[in-house]
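Student: Here is how the chains run, residue by residue.
Protein chains: 2
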Amino acid sequence: MQDVYQYIEDHKEQYIEWLQDLCRIPSVAAQNRGMQEAADHVLNDLAEKINGETQLVSTSGFPVVYGKVPGTKEKTLSFYNHYDVQPEDPIELWEHPPFEAEIQDGTMYSRGAADNKGNLMARIAAVHAYQQVRGGLPLNIKFIVEGEEEIGSINLDEFSDNHADLIQADGCIWEFGYRNADGRQQVSLGVKGMTYVELVCKGANTDLHSANAAVIENPAWRLVWALNTLKDENEHVKIEGFYDRVQSLSPEDERAVRDLIYSEKEMLKQLDLPSFLLDLEGKSLKERLIFAPTCTICGIESGYTGKGAKTVLPSEARVKLDFRLVPDQDPYEILQALRKHLDNHGFEDIEINEMAMEKPGKTPYNDPLSETVIAATKKISNLEPTVMPMSPGTGPMHVLCQKHGIPSVSVGVGNFQSNNHAPNENIQIEDYIDGIKLIATVIEDYAKI
Amino acid sequence: MQDVYQYIEDHKEQYIEWLQDLCRIPSVAAQNRGMQEAADHVLNDLAEKINGETQLVSTSGFPVVYGKVPGTKEKTLSFYNHYDVQPEDPIELWEHPPFEAEIQDGTMYSRGAADNKGNLMARIAAVHAYQQVRGGLPLNIKFIVEGEEEIGSINLDEFSDNHADLIQADGCIWEFGYRNADGRQQVSLGVKGMTYVELVCKGANTDLHSANAAVIENPAWRLVWALNTLKDENEHVKIEGFYDRVQSLSPEDERAVRDLIYSEKEMLKQLDLPSFLLDLEGKSLKERLIFAPTCTICGIESGYTGKGAKTVLPSEARVKLDFRLVPDQDPYEILQALRKHLDNHGFEDIEINEMAMEKPGKTPYNDPLSETVIAATKKISNLEPTVMPMSPGTGPMHVLCQKHGIPSVSVGVGNFQSNNHAPNENIQIEDYIDGIKLIATVIEDYAKI
Numbered sequence: 315m316q317d318v319y320q321y322i323e324d325h326k327e328q329y330i331e332w333l334q335d336l337c338r339i340p341s342v343a344a345q346n347r348g349m350q351e352a353a354d355h356v357l358n359d360l361a362e363k364i365n366g367e368t369q370l371v372s373t374s375g376f377p378v379v380y381g382k383v384p385g386t387k388e389k390t391l392s393f394y395n396h397y398d399v400q401p402e403d404p405i406e407l408w409e410h411p412p413f414e415a416e417i418q419d420g421t422m423y424s425r426g427a428a429d430n431k432g433n434l435m436a437r438i439a440a441v442h443a444y445q446q447v448r449g450g451l452p453l454n455i456k457f458i459v460e461g462e463e464e465i466g467s468i469n470l471d472e473f474s475d476n477h478a479d480l481i482q483a484d485g486c487i488w489e490f491g492y493r494n495a496d497g498r499q500q501v502s503l504g505v506k507g508m509t510y511v512e513l514v515c516k517g518a519n520t521d522l523h524s525a526n527a528a529v530i531e532n533p534a535w536r537l538v539w540a541l542n543t544l545k546d547e548n549e550h551v552k553i554e555g556f557y558d559r560v561q562s563l564s565p566e567d568e569r570a571v572r573d574l575i576y577s578e579k580e581m582l583k584q585l586d587l588p589s590f591l592l593d594l595e596g597k598s599l600k601e602r603l604i605f606a607p608t609c610t611i612c613g614i615e616s617g618y619t620g621k622g623a624k625t626v627l628p629s630e631a632r633v634k635l636d637f638r639l640v641p642d643q644d645p646y647e648i649l650q651a652l653r654k655h656l657d658n659h660g661f662e663d664i665e666i667n668e669m670a671m672e673k674p675g676k677t678p679y680n681d682p683l684s685e686t687v688i689a690a691t692k693k694i695s696n697l698e699p700t701v702m703p704m705s706p707g708t709g710p711m712h713v714l715c716q717k718h719g720i721p722s723v724s725v726g727v728g729n730f731q732s733n734n735h736a737p738n739e740n741i742q743i744e745d746y747i748d749g750i751k752l753i754a755t756v757i758e759d760y761a762k763i
Numbered sequence: 315m316q317d318v319y320q321y322i323e324d325h326k327e328q329y330i331e332w333l334q335d336l337c338r339i340p341s342v343a344a345q346n347r348g349m350q351e352a353a354d355h356v357l358n359d360l361a362e363k364i365n366g367e368t369q370l371v372s373t374s375g376f377p378v379v380y381g382k383v384p385g386t387k388e389k390t391l392s393f394y395n396h397y398d399v400q401p402e403d404p405i406e407l408w409e410h411p412p413f414e415a416e417i418q419d420g421t422m423y424s425r426g427a428a429d430n431k432g433n434l435m436a437r438i439a440a441v442h443a444y445q446q447v448r449g450g451l452p453l454n455i456k457f458i459v460e461g462e463e464e465i466g467s468i469n470l471d472e473f474s475d476n477h478a479d480l481i482q483a484d485g486c487i488w489e490f491g492y493r494n495a496d497g498r499q500q501v502s503l504g505v506k507g508m509t510y511v512e513l514v515c516k517g518a519n520t521d522l523h524s525a526n527a528a529v530i531e532n533p534a535w536r537l538v539w540a541l542n543t544l545k546d547e548n549e550h551v552k553i554e555g556f557y558d559r560v561q562s563l564s565p566e567d568e569r570a571v572r573d574l575i576y577s578e579k580e581m582l583k584q585l586d587l588p589s590f591l592l593d594l595e596g597k598s599l600k601e602r603l604i605f606a607p608t609c610t611i612c613g614i615e616s617g618y619t620g621k622g623a624k625t626v627l628p629s630e631a632r633v634k635l636d637f638r639l640v641p642d643q644d645p646y647e648i649l650q651a652l653r654k655h656l657d658n659h660g661f662e663d664i665e666i667n668e669m670a671m672e673k674p675g676k677t678p679y680n681d682p683l684s685e686t687v688i689a690a691t692k693k694i695s696n697l698e699p700t701v702m703p704m705s706p707g708t709g710p711m712h713v714l715c716q717k718h719g720i721p722s723v724s725v726g727v728g729n730f731q732s733n734n735h736a737p738n739e740n741i742q743i744e745d746y747i748d749g750i751k752l753i754a755t756v757i758e759d760y761a762k763i
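Chains as they are written, first to last, in this note's numbering: chain A, 315 to 763; chain B, 315 to 763.
Simulated from the structure, these hints should not be mistaken for lab results. All C-beta atoms, glycine included, are put in the ideal place defined by N, C-alpha and C. Any given hint could turn out to be false.
[As the list claims (entries may be wrong)] To give a feel for the contact side, a few chain A residues facing chain B, derived at Cβ under 7 Å:
id, residue
1, THR386
2, ILE611
3, PRO682
4, PRO706
Let the sequences and hints guide you as you build the complete structure.
Tutor: Put into structure tokens, the structure is as follows:
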């Protein structure tokens with residue numbers, strides 16, 4: 315593969331520019347900004363840069379960009395990515411403009427650089443380099459690039475049901491991956507599921523002077539009390555049945571947790587924290603990170619939140635809650651259990667708005683794709699990779715892979731300080747170039763199995 | 315007084331325009347908008363319209379507008395008002411622009427119309443009418459018009475300490491008053507005190523992807539748990555010592571509660587609510603409204619609160635809390651008790667930002683000023699007034715009145731649907747004109763005692 319690696323090195327400036335061009339499109343699905351432009355841009359890249367047979371597959375939401383590049387074998391490797399990004403706020407905390415893809419000291423700063431445009435473009439670049447050097451591909455490649463990952467892939471079920479033929483593959487490289495604080499590449503064999511909801515509690519039909527609080531119900535207090543029934547200070551989720559379907563760890567899972575290198579000190583230092591949640595450390599920390607389902611307040615808002623003191627009794631309170639689920643929890647069962655829980659605790663009036671639902675997904679350690687990717691990382695880096703049985707993150711892996719019997723492995727170009735979903739999202743240029751080489755290696759090696 | 319009343323009727327258009335001119339200045343203290351303009355405007359009105367000896371008294375914050383109009387007796391009646399208003403947000407809920415003072419069907423809509431510019435201008439107009447008809451005043455009048463009432467009168471302590479001579483009076487008409495749903499004028503003999511704070515809970519030094527929530531503390535959850543320790547679902551404040559200084563009701567207070575007409579059905583209908591807090595009604599509802607201290611979430615914010623689903627682990631959570639206090643609770647003692655309570659419950663890390671502090675204030679029923687004002691309302695309206703031993707609202711009454719041995723009685727031109735501190739704040743033009751006549755009557759009658 316030295317010929318391909320050398321080509322990648324010789325053309326790195328071009329591959330960096332390709333990524334910058336894509337990052338400069340502010341494709342925020344939650345706010346419907348720049349989405350058409352980003353879809354068209356990716357479609358053109360697949361068609362023009364790597365001769366893909368492309369189509370824009372419409373859904374009830376933003377379209378899926380699809381591209382197939384034929385190879386010399388019947389075998390097919392697919393790539394799942396997304397062209398949408400998270401909103402960039404709080405904008406004031408960015409040290410570089412979020413959509414200019416500035417490079418400073420070997421780091422590219424942009425919303426989407428790590429999640430997920432850097433990974434997508436590394437894969438396009440890998441296919442390009444392989445084609446340029448070898449004249450063609452040793453297997454078929456499919457790109458499935460959706461536009462709603464950051465809003466919960468709300469129409470991917472529909473895509474999955476209607477386009478099983480487009481999806482079908484022998485293996486799928488999932489969207490993301492990171493280099494850890496210790497420099498090791500992280501390879502993930504699964505993702506957590508998700509139930510993402512907004513709870514809304516309503517009071518009087520207008521905000522009132524807070525002098526009325528002695529006799530008028532305050533929806534912010536009701537929401538606080540309702541939330542308090544959901545999770546206790548020991549982080550135990552109190553919804554009845556929440557843990558019922560949680561699988562116990564297999565011996566392989568146990569081994570993976572034991573072998574996992576998680577750089578506790580570096581992480582705490584980076585985040586300026588004295589300790590982890592519940593003073594976790596070592597094995598229990600790693601086990602929780604990978605295998606614990608969660609219940610997270612992603613956002614809460616009620617009343618006056620501006621400058622100074624305003625004495626207001628709010629008319630409404632809202633909270634966004636994200637439950638991360640592990641096998642075999644089911645997002646719809648959890649939603650039902652939440653409704654029942656609120657009803658049982660006297661909060662029948664609190665509305666639940668369903669916002670995103672995903673089943674967890676997991677691929678075995680001994681799958682040929684898992685083995686190929688793990689081996690490939692060792693060819694690019696001289697450090698052993700960190701293999702995560704399941705990523706703490708979420709994605710529509712089940713609906714695109716496990717549901718169709720396709721194994722999936724996640725690897726990518728981010729790093730432990732990439733600030734996904736946060737200000738100053740970034741990737742290291744070196745990781746991007748290594749990521750291109752890694753995918754080229756996977757293409758070569760997976761074709762041989 | 316028919317001569318004065320007739321003059322007021324004949325000049326009502328002029329008095330309405332005076333109020334509109336003042337309402338059109340968006341004097342939002344919390345946001346430092348239009349404050350100098352409003353202070354100058356009030357100063358000019360006092361000097362030019364009623365020949366006041368005026369001065370702009372500087373403080374560490376926005377200045378106090380002071381005006382004295384000499385009368386034929388040594389007796390002095392003072393008026394306490396404020397030229398600042400609450401922020402107008404949420405702006406999208408206003409049906410009339412908040413700073414244009416539009417009149418529709420006998421109602422003027424404006425931020426500040428009820429709280430407190432309508433009352434201030436009614437008093438200026440009353441002095442003006444009395445002067446025009448009688449050639450002079452029967453007692454000295456003082457206007458004390460501050461600019462920081464809506465941000466907790468944070469520099470009025472300083473004014474009170476430095477300018478006891480300006481403040482000194484036989485009685486003070488306090489800033490506000492309302493006509494209830496049953497048409498009765500409400501007269502208040504006191505105000506609740508206040509401890510207004512912001513609690514801040516911090517987590518990691520940046521927002522994170524919520525996948526990290528399995529191992530990184532979430533400040534929004536910590537704030538929810540901390541709030542849950544402050545007040546239970548029965549509205550009992552759980553801070554140790556919170557109720558220690560609360561006075562039991564005097565026989566006069568009991569009588570006032572019994573006689574108080576509170577239009578429960580109208581209030582519920584107006585607010586589109588099925589019931590009051592804790593299903594309160596009748597005597598217990600009224601007693602709680604007037605005599606119960608409160609603990610109110612005025613605003614809470616953390617993480618992503620925009621459109622759509624963002625999977626973020628917030629780095630910070632904030633809540634604005636307003637405690638309304640009754641005699642003899644002390645705002646600084648409550649602040650200390652809150653700090654101690656949080657520490658005792660393991661929330662030492664939660665910061666408390668002190669935002670406004672007021673002692674409660676109360677004047678006896680049998681004070682000559684109370685008796686004068688109550689009698690005057692009966693001359694303007696054919697309905698008995700509702701006498702509130704204490705308003706559920708708050709103001710710096712103690713620091714301007716009780717501390718200087720000055721009785722104070724609150725009466726004004728608002729109504730039960732005035733939407734103070736809320737969108738579509740308004741007053742009825744008829745109440746404004748009656749309010750001018752009422753103050754003219756108080757000037758006449760109080761001079762005779």
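Student: Could you tell me which of the hints above the structure violates, numbers in ascending order?
Tutor: 1 and 3
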